[in-house]
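**Student:** The primary structure of each chain is shown beneath.
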Amino acid sequence: MATPLSPASPAPAPAAPAPLLDVRDLHVEFRTRDGVARAVNGVDYSVAAGETLAVLGESGSGKSVTAQAIMGILEAPPGRVTRGEILFQGRDLLKLTEEERRKVRGAGLAMIFQDALSALNPVLSVGDQLGEMFVVHRGMSRKDARARAVELMDRVRIPAARERAGQYPHQFSGGMRQRIMIAMAMALEPALIIADEPTTALDVTVQAQVMDLLAELKGELDMGLILITHDLGVVADVADTIAVMYAGRIVEKAPVHELYRAPAHPYTRGLLASIPRLDHKGRDLYAIKGLPPSLLRVPPGCAFHPRCPMARDVCRTEVPPLARVTYEGFAGERRSACHFWKECLRG
Amino acid sequence: MAEPILEVRGLVKHYPLTRGIVLKKQVGAVKAVDGVDFDLGRGETLGIVGESGCGKSTVAKLLVNLERPTAGVIRFKGEDVTKLSGRALRAVRRNIQMVFQDPYTSLNPRMTVGDIVGEPYEIHPEVAPKGSRRKKVQELLDVVGLNPEYVNRYPHQFSGGQRQRIGIARGLALRPEVIVADEPVSALDVSVQAQVVNLLERLQSEFDLSYVFIAHDLSIVRHISDRVGVMYLGRIVETGTEEEIYEHPTHPYTQALLSAVPVPDPAARERRERILLSGDVPSPANPPSGCRFRTRCWKARERCALEVPALAVPAEFRLMSGPVAHDSACHFAEERHVVP
Numbered sequence: 001m002a003t004p005l006s007p008a009s010p011a012p013a014p015a016a017p018a019p020l021l022d023v024r025d026l027h028v029e030f031r032t033r034d035g036v037a038r039a040v041n042g043v044d045y046s047v048a049a050g051e052t053l054a055v056l057g058e059s060g061s062g063k064s065v066t067a068q069a070i071m072g073i074l075e076a077p078p079g080r081v082t083r084g085e086i087l088f089q090g091r092d093l094l095k096l097t098e099e100e101r102r103k104v105r106g107a108g109l110a111m112i113f114q115d116a117l118s119a120l121n122p123v124l125s126v127g128d129q130l131g132e133m134f135v136v137h138r139g140m141s142r143k144d145a146r147a148r149a150v151e152l153m154d155r156v157r158i159p160a161a162r163e164r165a166g167q168y169p170h171q172f173s174g175g176m177r178q179r180i181m182i183a184m185a186m187a188l189e190p191a192l193i194i195a196d197e198p199t200t201a202l203d204v205t206v207q208a209q210v211m212d213l214l215a216e217l218k219g220e221l222d223m224g225l226i227l228i229t230h231d232l233g234v235v236a237d238v239a240d241t242i243a244v245m246y247a248g249r250i251v252e253k254a255p256v257h258e259l260y261r262a263p264a265h266p267y268t269r270g271l272l273a274s275i276p277r278l279d280h281k282g283r284d285l286y287a288i289k290g291l292p293p294s295l296l297r298v299p300p301g302c303a304f305h306p307r308c309p310m311a312r313d314v315c316r317t318e319v320p321p322l323a324r325v326t327y328e329g330f331a332g333e334r335r336s337a338c339h340f341w342k343e344c345l346r347g
Numbered sequence: 348m349a350e351p352i353l354e355v356r357g358l359v360k361h362y363p364l365t366r367g368i369v370l371k372k373q374v375g376a377v378k379a380v381d382g383v384d385f386d387l388g389r390g391e392t393l394g395i396v397g398e399s400g401c402g403k404s405t406v407a408k409l410l411v412n413l414e415r416p417t418a419g420v421i422r423f424k425g426e427d428v429t430k431l432s433g434r435a436l437r438a439v440r441r442n443i444q445m446v447f448q449d450p451y452t453s454l455n456p457r458m459t460v461g462d463i464v465g466e467p468y469e470i471h472p473e474v475a476p477k478g479s480r481r482k483k484v485q486e487l488l489d490v491v492g493l494n495p496e497y498v499n500r501y502p503h504q505f506s507g508g509q510r511q512r513i514g515i516a517r518g519l520a521l522r523p524e525v526i527v528a529d530e531p532v533s534a535l536d537v538s539v540q541a542q543v544v545n546l547l548e549r550l551q552s553e554f555d556l557s558y559v560f561i562a563h564d565l566s567i568v569r570h571i572s573d574r575v576g577v578m579y580l581g582r583i584v585e586t587g588t589e590e591e592i593y594e595h596p597t598h599p600y601t602q603a604l605l606s607a608v609p610v611p612d613p614a615a616r617e618r619r620e621r622i623l624l625s626g627d628v629p630s631p632a633n634p635p636s637g638c639r640f641r642t643r644c645w646k647a648r649e650r651c652a653l654e655v656p657a658l659a660v661p662a663e664f665r666l667m668s669g670p671v672a673h674d675s676a677c678h679f680a681e682e683r684h685v686v687p
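Chains as they are written, first to last, in our numbering: chain E, 1 to 347; chain P, 348 to 687.
Don't take every hint at face value.
Only some residues are given here: those of chain P computed to face chain E with a beta carbon under 7 Å [to be verified]:
#1 N545
#2 H570
#3 Q602
#4 A603
#5 V608
#6 L623
Straight-line alpha carbon distances no greater than 25 Å define the calculated SDA-like cross-link-like pairs of lysine to any residue that follow [claimed, not checked]:
#7 E:K289 to P:E682
#8 E:K289 to P:Y451
#9 E:K289 to P:Y497
#10 E:K289 to P:N494
#11 E:K281 to P:E682
#12 P:K482 to P:R549
#13 E:K289 to P:A534
Just so you know, these hints were derived from the structure itself, not from any lab.
Note that beta-carbon positions come from the ideal geometry of N, C-alpha and C, so glycine has one too.
Take the sequences, apply the hints, and build the full model.
**Tutor:** Below, the structure written as structure tokens:
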């Protein structure tokens, strides 16, 4: 039944031509009353057509801010991109004018938000909101646009689409609203979709429906997908590649099978170990000690060192680079920002 | 099971739907909880799982007497607490305390931590005489793993996980015997969830507590619970030990729910069989006749629309022993392995 969620081939993708999206050394700051919060501190990642990249992180890790910077919807001020490049189909989005970016948004890049109810306009019917995409970007007449809107609603399997196109967002259930968000993101057949916690607000049975739909449409259109989430289960289900973020940096990046099999960063290892498993029944769960750091005061050296069981002196002073991870039986692209990734890999 | 500390029988909570402003007329009712039975043993953890709108939070409110049931009884150590009022009610409330889901809105931002944790003593002064309160509060903070010197701080100075510890300290203040925890970790970050789950387990053995643990995260419920009840649209559809429910589910809804949970293991992608339910949960104001799950069930037949299935060991398993023989409210119960 869940065929669209076909597994990623464990072999690394062959040296892809130019990736669809290439984020390089991105830095984002927020000016706050209490000082400058460094939300993103040099993030690099890329996505190819047809690839699903999961960006995993807890609140405050910078995963959503990175996405907002890519989409060009960062609230600025207080937010500001201070360094880096965002290459989309070879063009640096940060160098475009607002008008040019608007054209990329929707037609090239689209985003699905967590909270569909606040992302949709409450006073416009769903059909009008979907149709607007075609009127604005494609110059269609209202009538043709409405017909396309109904088609889209059909495609994301909203029952009785023709009748329901005249209804307003509050008249739909949470799962149906998220389908409308997906329809809206898909409308202009963008090359890349960013989904920010698309199923976090949904119940598990509805979450499964929505993730299946997303995977299926992504396959049909051969799009790239960036899935932002904190849920290790969802990631294992759909991702090809994972980027784990902590305190505004990527700490580990790996093909999904490799990462779950043998994490190369102590933070990833801690996250995986804290999932309740059968053989832990009746015993304490593994818990990463302490709390994620405040972005106003990111610890020096490796930001994870105050919570890390492996930390040594060098971790307190030197920021570990996102180094290439290689080992026997694996020749793909894998990276870890830990001085001691070799030890970590050994477990 | 040990002697039950809490017995719930035929619990019903209907919220009236009215029409008209001056001449209010009841036009129906939201049947949030519609006939729930369970026992909670001393020192036991009963997990209640279900999706939003299934009535699990309403059950929590009824248990701690924040809401009065429309019908049914809740017996605490043999005494029906739904009929009590005044002093007798207060005495029972002391023994059944609650931990809330959202550590951001369940703590008053204008009160210090000391005042929040110590407030239960204002209502139950017999537990701690005035002079000893500050010391008691500091002890409680220490018990939940917070620095006792933080008594004068305000909630905004704490992280989500620390706030949940404050909420737990408040729940413990009156030395209750039962704690009802409604989604106590779902608002927390993954790395902090495990810390709070461990704390709850440690407190349980330290203070001999019985827990009703309500959550939608099935893996955490499995970890912490001795027994589990699965709710759907105001009723418990299946109940049994943690092993019976997770390894040998016989109700189709439980099977669908378990199969939908994402498994944090990419290798399970190929192995797992996913049951995708169609449609949404029907409105509790107008639940389907007979079995409430029948509108989304792939096994539904005519009988399901006519007869409400009772929560009992299904006839086909009645003569068997072993984990498959547990309560399941389905006319066509069948075992199916869904957890890879």
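**Student:** Does each hint hold? Answer for all of them.
**Tutor:** Status of each hint after checking the structure:
Residue-level restraint check for N545 (chain P) holds (minimum Cβ-Cβ distance to chain E is 5 Å; threshold 7 Å). Annotation: interface hint on H570 (chain P) holds; nearest CB of chain E at approximately 4 Å, less than 7 Å. The beta carbon of Q602 (chain P) comes no nearer than 11 Å to any beta carbon in chain E, farther than 7 Å, and the hint placing it at the interface is violated. With a least beta-carbon distance of about 6 Å to chain E, the hint placing A603 (chain P) at the interface is held under the 7 Å criterion.
With 7 Å as the threshold, the beta carbon of V608 (chain P) comes within range of chain E, its nearest partner Cβ sitting at about 6 Å, so the hint holds. At a threshold of 7 Å, the smallest CB-CB gap from L623 (chain P) to chain E is about 6 Å, leaving the interface hint in force. A distance of roughly 40 Å separates the Cα atoms of K289 (chain E) and E682 (chain P); the hinted pair therefore is violated under the 25 Å criterion. Between K289 (chain E) and Y451 (chain P) the CA atoms are separated by roughly 21 Å; this keeps the pair inside 25 Å, and the hint holds.
Between the alpha carbons of K289 (chain E) and Y497 (chain P) the distance comes to roughly 19 Å, so the proposed pair stays at or under 25 Å and holds. For the proposed pair K289 (chain E) and N494 (chain P), the alpha carbon gap of about 15 Å is at most 25 Å, so the pair holds. Pair hint K281 (chain E) plus E682 (chain P) holds up; C-alpha atoms about 23 Å apart against a cutoff of 25 Å. For the given pair, K482 (chain P) sits about 22 Å from R549 (chain P) by alpha-carbon distance, which is consistent with the 25 Å threshold.
Restraint check for K289 (chain E) and A534 (chain P): satisfied, since their Cα atoms lie roughly 18 Å apart, inside the 25 Å limit.
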